[in-house]
Each structure stands twice: as C-alpha cells, then as structure tokens.
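Student: Build out the structure end to end from the sequences listed, making use of the hints.
Protein chains in written order, with this note's numbering: chain A, 1 to 144; chain B, 145 to 287.
Keep in mind the hints are simulated off the structure, nothing from the lab.
Just so you know, nobody snuck in bad clues.
Simulated crosslink set (DMTMM-like; lysine to aspartate or glutamate; CA at most 20 Å straight-line): (1) A:60 - B:170; (2) B:267 - B:199; (3) B:281 - B:199; (4) B:267 - B:197; (5) A:90 - A:41; (6) B:267 - A:26.
Ranges between beta-carbon positions, derived for each pair: (7) A:125 - B:269: 53 to 61 Å; (8) B:241 - A:109: 23 to 31 Å; (9) A:58 - B:274: 51 to 59 Å; (10) A:73 - B:204: 19 to 27 Å.
Derived contacts from chain B toward chain A, CB cut-off under 10 Å, selection only: (11) 170; (12) 181; (13) 215.
This structure is a prediction, so every number in the text was calculated from the model and none was measured.
Just so it is clear, CB atoms sit at the ideal spot from N, CA and C, and this is done for glycine as well.
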Amino acid sequence: MPPSNIQTRDDYRYFLELQTRWMDNDLYGHINNVTYYSYFDTVVNYFLIEKGGLDIHNAKTIGVVVESHCNYAHSIAYPDKISCGLRVGKLGNSSVRYEVGIFRGEEQNAAASGHFVHVFVERATNKPVPIPKDIRDALHDIQT
Amino acid sequence: MTNFLDLRIDDFGFRTDIPTRWGDNDMLGHLNNVVYNRMIETVVVRFTMGPLEIDWQRDQSYPLVVESLCRFHRPLAFPETITAGLRAGRLGGTSVTYEIALFGEGNEIPASTGHFVHVFIDKDTHKSIQIPADIRKLIETFA
Chain A
1 MPPSNIQTRD DYRYFLELQT RWMDNDLYGH INNVTYYSYF DTVVNYFLIE KGGLDIHNAK
61 TIGVVVESHC NYAHSIAYPD KISCGLRVGK LGNSSVRYEV GIFRGEEQNA AASGHFVHVF
121 VERATNKPVP IPKDIRDALH DIQT
Chain B
145 MTNFLDLRID DFGFRTDIPT RWGDNDMLGH LNNVVYNRMI ETVVVRFTMG PLEIDWQRDQ
205 SYPLVVESLC RFHRPLAFPE TITAGLRAGR LGGTSVTYEI ALFGEGNEIP ASTGHFVHVF
265 IDKDTHKSIQ IPADIRKLIE TFA
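Tutor: As structure tokens, then:
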C-alpha cells in the first residue's frame with residue numbers, strides 16, 4: 001500500500017479502546033479480516049450512543065449500513081489491545097460516511113483503515129429521513 | 145459503470161449456498177452487516193479450497209486479504225439460505241480481485257455486492273510473490 005494511504009492517530013477525532021478476544025484470531029494467528037468490520041460497527045454505534053444520545057431500543061430513527069470498506073495494512077493479534085479511531089468524512093442530509101482506523105496498542109500508524117456509510121431511516125417504514133439533530137450535532141463535531 | 149442491481153447469479157462462475165443462523169440477525173431483525181462480510185469471505189475461501197485447490201498449509205504461498213468492500217442493497221434475514229456468487233475481476237501479478245454478490249432466497253436481484261482482494265505471500269519471506277502459474281490459469285477460467 002502506498003504510504004499516502006497510511007492513516008495515523010492524528011487523522012481521527014474520537015477513539016474507543018477495545019480488548020481483542022481469543023476468538024478474533026483465525027488460523028493465520030492474527031485478527032480475522034471480517035472481525036475488523038465488527039470493530040467498525042462497535043465504534044460507530046458506541047459513538048452514536050455516547051455522543052449522539054441514540055437509544056438503540058426505542059429510537060424511531062435508526063442508521064442502516066449501505067457500504068463498508070477496509071484496507072488491511074499490517075496485522076494485529078489477540079491479546080493485543082486496540083484503539084478504534086473515528087471521524088466523519090461526509091455528512092449528508094440522511095447519510096453519513098464514517099472513516100475508521102484500527103490501531104494496535106500505542107502504534108501511530110493504522111493497522112487497518114476503511115469506511116462505513118449509514119443512511120438514517122424511519123424504523124417503521126424503512127424510508128430515509130433527515131439525521132436527527134442530536135446525532136447530527138455529534139457527527140458535525142468529528143467531521144474533518 | 146456496472147449497475148450492481150443488474151447482476152444475476154448466472155453472471156458468476158462459482159456459486160455456493162450459505163445457511164443463516166439465528167444469531168446472525170441483529171436487533172434490527174436482519175443479518176448484521178458484519179455477517180455479509182463473513183459470507184463474502186466464505187465464498188472466497190470455498191473458491192480457493194475448491195476450484196483453485198489451494199492448501200495453505202502445504203503450499204509455498206498463501207493468499208492474504210488486503211482489501212474488502214461490501215455494498216448493502218436490501219436486507220437478508222435468518223432463516224433464509226443465501227446463494228453467493230463469485231467471479232474473478234482484476235488479475236495482477238501478485239494480486240487478484242474477486243467480485244462477489246449475495247442473493248436471498250427466491251430473489252434474483254442481489255442483496256449485496258462487493259469485492260475482496262487477495263495478495264499471494266511467500267510462506268518463508270512473508271513478501272508478496274507472483275501468483276503461481278497453475279493457480280493463475282484456474283483463476284482465469286472464472287473471469
């Protein structure tokens with residue numbers, strides 16, 4: 001991967017620390033590629049709950065994923081601790097593009113980086129709706 | 145540019161059925177997004193172990209994923225069985241891009257489309273190497 005694609009901690013605005021788990025490693029002895037998407041999913045929803053006040057049980061508006069993407073630069077393995085860095089790349093009326101970097105321990109360069117796109121829909125009808133204000137404000141705070 | 149919703153299972157030379165499990169659904173009542181990526185990985189691995197006859201414990205090289213992408217067009221949910229289709233896209237010297245689509249039961253329009261990029265790595269040096277000629281020839285038949 002060209003060096004220009006390497007993301008560093010300074011590129012992100014919000015961080016969530018996670019402990020990798022035994023089952024995250026695959027036969028190659030490192031974190032399985034699909035597991036990174038679970039880290040993406042976890043940091044995005046944690047941010048929405050913590051900073052945007054999302055009530056995942058009762059909210060009338062929810063985010064559904066329409067695209068996810070990951071570039072894998074170097075490996076991580078259980079029992080490493082990781083940091084999930086998050087920023088907002090594009091904030092639309094009903095959609096948001098999150099950009100995520102996964103860092104091993106204290107490393108400055110991301111082991112993997114990618115994006116995750118949510119469209120906010122009305123839970124009852126599944127139709128796109130404007131992003132609720134509290135969530136939009138939180139997303140705006142980490143927009144780059 | 146490809147309109148992904150126009151893709152049909154017949155566009156893919158390798159196909160495999162993947163059952164869903166109760167635990168694959170998340171609290172929104174459909175497969176969690178990570179599970180789609182797991183299915184994409186599953187069809188790739190079945191392709192490498194089946195038609196490509198790759199045995200990563202025996203062979204001198206092994207494939208390593210460097211990039212993956214998934215687009216979500218419509219929801220899938222337990223208990224339907226998913227049909228995954230794969231074809232070879234860009235074939236470079238050391239890497240191959242697989243193009244993948246996931247189809248729900250009884251629906252000809254893909255629920256999900258994406259790609260998965262493998263780089264071939266030498267077991268001893270851990271550096272990328274040219275895709276072995278026999279494997280390359282097999283990949284080409286699925287382009």
